[in-house]
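K.L.:
Residues per chain, in single letters:
Protein chains: 2
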Amino acid sequence: MLKHKIKLAILGATGAVGQEVLGCLKKLNISIDELVLLASERSGGTTMKTPFGKLNVRAVNENSFDGVNFAIFSAGAERSKQWAPVAIKAGCVVIDNSSAFRYQKDVPLVIPEINGERARGAKLIANPNCTTAIAAMALWPLHKKYKLKKIFVATYQATSGAGAQAMRELLDQTKNFLNDRPVRNSKFVYPIPFNLIPHIDVFQDNGYTKEEMKVAWEMKKMFGDDGMQISCTAVRIPTLRAHSEAIVIETEKSVNSDEARELLRTAPGIEVRDNPSQNLYPMPLTASGKYDVEVGRIRQSLIFGDRGLEFFVSGDQLLRGAALNAVKILQLLISQ
Amino acid sequence: MLKHKIKLAILGATGAVGQEVLGCLKKLNISIDELVLLASERSGGTTMKTPFGKLNVRAVNENSFDGVNFAIFSAGAERSKQWAPVAIKAGCVVIDNSSAFRYQKDVPLVIPEINGERARGAKLIANPNCTTAIAAMALWPLHKKYKLKKIFVATYQATSGAGAQAMRELLDQTKNFLNDRPVRNSKFVYPIPFNLIPHIDVFQDNGYTKEEMKVAWEMKKMFGDDGMQISCTAVRIPTLRAHSEAIVIETEKSVNSDEARELLRTAPGIEVRDNPSQNLYPMPLTASGKYDVEVGRIRQSLIFGDRGLEFFVSGDQLLRGAALNAVKILQLLISQ
Numbered sequence: 001m002l003k004h005k006i007k008l009a010i011l012g013a014t015g016a017v018g019q020e021v022l023g024c025l026k027k028l029n030i031s032i033d034e035l036v037l038l039a040s041e042r043s044g045g046t047t048m049k050t051p052f053g054k055l056n057v058r059a060v061n062e063n064s065f066d067g068v069n070f071a072i073f074s075a076g077a078e079r080s081k082q083w084a085p086v087a088i089k090a091g092c093v094v095i096d097n098s099s100a101f102r103y104q105k106d107v108p109l110v111i112p113e114i115n116g117e118r119a120r121g122a123k124l125i126a127n128p129n130c131t132t133a134i135a136a137m138a139l140w141p142l143h144k145k146y147k148l149k150k151i152f153v154a155t156y157q158a159t160s161g162a163g164a165q166a167m168r169e170l171l172d173q174t175k176n177f178l179n180d181r182p183v184r185n186s187k188f189v190y191p192i193p194f195n196l197i198p199h200i201d202v203f204q205d206n207g208y209t210k211e212e213m214k215v216a217w218e219m220k221k222m223f224g225d226d227g228m229q230i231s232c233t234a235v236r237i238p239t240l241r242a243h244s245e246a247i248v249i250e251t252e253k254s255v256n257s258d259e260a261r262e263l264l265r266t267a268p269g270i271e272v273r274d275n276p277s278q279n280l281y282p283m284p285l286t287a288s289g290k291y292d293v294e295v296g297r298i299r300q301s302l303i304f305g306d307r308g309l310e311f312f313v314s315g316d317q318l319l320r321g322a323a324l325n326a327v328k329i330l331q332l333l334i335s336q
Numbered sequence: 001m002l003k004h005k006i007k008l009a010i011l012g013a014t015g016a017v018g019q020e021v022l023g024c025l026k027k028l029n030i031s032i033d034e035l036v037l038l039a040s041e042r043s044g045g046t047t048m049k050t051p052f053g054k055l056n057v058r059a060v061n062e063n064s065f066d067g068v069n070f071a072i073f074s075a076g077a078e079r080s081k082q083w084a085p086v087a088i089k090a091g092c093v094v095i096d097n098s099s100a101f102r103y104q105k106d107v108p109l110v111i112p113e114i115n116g117e118r119a120r121g122a123k124l125i126a127n128p129n130c131t132t133a134i135a136a137m138a139l140w141p142l143h144k145k146y147k148l149k150k151i152f153v154a155t156y157q158a159t160s161g162a163g164a165q166a167m168r169e170l171l172d173q174t175k176n177f178l179n180d181r182p183v184r185n186s187k188f189v190y191p192i193p194f195n196l197i198p199h200i201d202v203f204q205d206n207g208y209t210k211e212e213m214k215v216a217w218e219m220k221k222m223f224g225d226d227g228m229q230i231s232c233t234a235v236r237i238p239t240l241r242a243h244s245e246a247i248v249i250e251t252e253k254s255v256n257s258d259e260a261r262e263l264l265r266t267a268p269g270i271e272v273r274d275n276p277s278q279n280l281y282p283m284p285l286t287a288s289g290k291y292d293v294e295v296g297r298i299r300q301s302l303i304f305g306d307r308g309l310e311f312f313v314s315g316d317q318l319l320r321g322a323a324l325n326a327v328k329i330l331q332l333l334i335s336q
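Residue numbers (the numbering used here), protein chains in the order written: chain L, 1 to 336; chain G, 1 to 336.
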């Protein structure tokens with residue numbers, strides 16, 4: 001146990017993920033001695049309601065991290081790049097939700113239930129992309145037991161993955177659609193009500209979006225296995241919260257769907273929701289707001305037979321994909 | 001050319017697909033001498049507006065098909081089973097949109113652009129499932145040239161695939177959701193607004209739904225290739241019209257994504273909509289109401305390399321998946 005008091009800073013405290021971080025700190029009963037809420041110049045000087053009472057929000061500056069032990073950054077890659085060096089120099093351990101440092105070799109990419117040991121001693125720890133994190137919860141136990149060779153992912157991603165304003169756009173523009181008013185888009189490239197958009201983050205030269213490549217890059221890094229072959233199609237759909245993913249895997253070892261289901265039942269961070277006869281399967285409706293990732297539709301692959309499975313996951317991307325994961329890393333560091 | 005007059009019956013004329021059939025007959029300028037609109041007892045005796053003027057709708061009975069040359073059935077599998085034998089006995093050629101006869105060995109399963117020759121001389125011709133038909137438009141040219149070994153499909157299916165009332169349910173319940181009123185479901189197993197449901201049609205013993213198995217069964221039958229391995233995850237999403245599908249293929253022959261794109265540009269029934277730099281890709285927003293299936297996001301597979309592609313399709317399931325396909329079969333038969 002650390003002997004000194006724990007002073008935690010949250011950069012991006014007023015954002016969608018920042019608010020969830022505060023909720024997770026409360027719910028997981030993390031013992032913090034002092035909480036510093038940081039935001040951009042714009043939100044600095046305001047107060048916000050938190051599970052710990054009404055707290056002041058300060059504009060981040062060069063001295064914000066003095067005496068701070070830990071910081072959770074949820075203010076986007078640009079701000080992370082700007083402020084992480086400042087925080088680290090001040091002696092603060094940074095847990096970063098952005099993609100800014102994920103692919104740096106010396107920065108561990110951590111999900112506590114998968115590779116928590118890599119967080120120990122690090123000054124900067126990266127949180128994986130939400131889509132990767134949600135899939136990884138189900139894939140890791142399967143990888144450990146059956147060794148994954150190929151992973152095929154097709155995603156069904158919620159609008160809140162693009163931020164609170166994007167979720168607002170879905171709601172507002174859906175109202176416009178239903179009232180025969182013009183449907184506009186600003187956060188999304190096209191109108192999202194009653195539509196889908198197979199385009200998340202920027203396109204790469206190979207025709208994949210960065211969101212799709214993140215799943216491949218990050219899964220390999222987290223699992224410590226460069227030999228796995230992974231591909232993804234990432235699609236935004238008109239849901240509010242919780243990303244879903246249809247996944248097919250090819251395994252090196254023989255796998256049985258009943259056995260895999262039982263294995264996943266005992267795995268941490270997962271809720272097996274898989275009973276077709278009772279219409280139980282993962283859905284945003286039930287996965288939203290839940291800490292565990294729902295896994296279901298587990299079945300023997302029609303393509304890979306006894307060397308493959310197909311399944312479906314739904315997980316709250318603001319929680320498992322961001323806030324919860326960061327707070328669980330913090331919990332791990334504090335309990336060292 | 002047939003010498004006798006063409007008398008066409010439409011069973012299920014008042015339904016969502018029936019109405020689209022009438023639109024396609026008009027748009028494709030099919031020369032019909034007499035049109036007989038048939039429906040259940042409930043809708044019999046009414047009149048309906050059609051592109052051919054206001055027409056009477058009659059309740060189907062044992063004598064409905066006397067003197068009728070061709071019939072398009074879009075009234076569900078039960079009614080098809082009941083009335084197809086009656087129509088055939090009366091000397092009528094039946095084009096059936098339901099799943100009633102699709103898997104009978106002696107019944108051809110036809111998409112004119114793929115295997116139109118099989119429709120010739122048949123008394124009963126089955127239309128494929130909408131999800132199968134939309135994928136098949138892009139898969140067939142690729143299969144002919146590169147020979148498909150494995151096909152992985154994840155679907156994003158519109159509510160109108162479950163009928164006009166299901167689409168109504170999405171609209172009405174979305175209004176309720178936005179007005180903080182209780183959200184109900186009757187056509188769907190769960191509320192569909194801002195949700196998705198990975199469950200279409202009934203579950204089979206192998207854990208796949210019948211909708212998912214249809215894609216495998218029907219693609220193999222249509223392509224005349226039992227060796228292909230196909231799997232599918234079928235998901236209902238809160239869109240109104242046009243199904244989308246994320247598809248990965250492994251090919252026997254080496255394939256290049258640029259070459260494949262050019263091949264698809266010249267294939268019938270397809271619109272290649274694939275230019276990431278201009279944000280052009282298939283979407284329900286643009287595919288709805290369109291006769292051609294949109295194909296895009298064509299890229300080399302990260303998993304199968306030069307032996308595989310990944311792409312995305314969106315197609316109007318009421319048209320390509322049902323009405324248009326039936327009318328195109330009729331067109332083929334008439335022009336024999």
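These are computed hints drawn from the structure, not numbers from a lab.
Errors might be hidden in some of the hints.
In this list, chains with the same sequence are indistinguishable; a pair is considered to hold if it fits within one copy or across any two.
[Stated by the list, open to error] Using 30 Å as the maximum straight-line C-alpha spacing, the simulated DSS-like pairs for lysine-lysine come out as follows:
#1 253 to 5
#2 81 to 105
#3 105 to 175
#4 49 to 221
#5 210 to 123
#6 149 to 220
#7 5 to 175
#8 210 to 149
#9 253 to 49
#10 5 to 210
#11 253 to 147
Because the structure is a prediction, the values reported are computed rather than measured.
K.L.:
The structure should be examined with respect to each hint, and the outcome stated for every one.
P.N.:
Hints, verified against the model:
no.: 1; hint: 253 to 5; in the structure: neither (48 Å within a copy, 64 Å between copies)
no.: 2; hint: 81 to 105; in the structure: within (16 Å within a copy, 64 Å between copies)
no.: 3; hint: 105 to 175; in the structure: neither (46 Å within a copy, 49 Å between copies)
no.: 4; hint: 49 to 221; in the structure: neither (37 Å within a copy, 61 Å between copies)
no.: 5; hint: 210 to 123; in the structure: within (26 Å within a copy, 52 Å between copies)
no.: 6; hint: 149 to 220; in the structure: both (11 Å within a copy, 26 Å between copies)
no.: 7; hint: 5 to 175; in the structure: neither (49 Å within a copy, 50 Å between copies)
no.: 8; hint: 210 to 149; in the structure: both (22 Å within a copy, 28 Å between copies)
no.: 9; hint: 253 to 49; in the structure: neither (51 Å within a copy, 61 Å between copies)
no.: 10; hint: 5 to 210; in the structure: neither (40 Å within a copy, 59 Å between copies)
no.: 11; hint: 253 to 147; in the structure: both (7 Å within a copy, 28 Å between copies)
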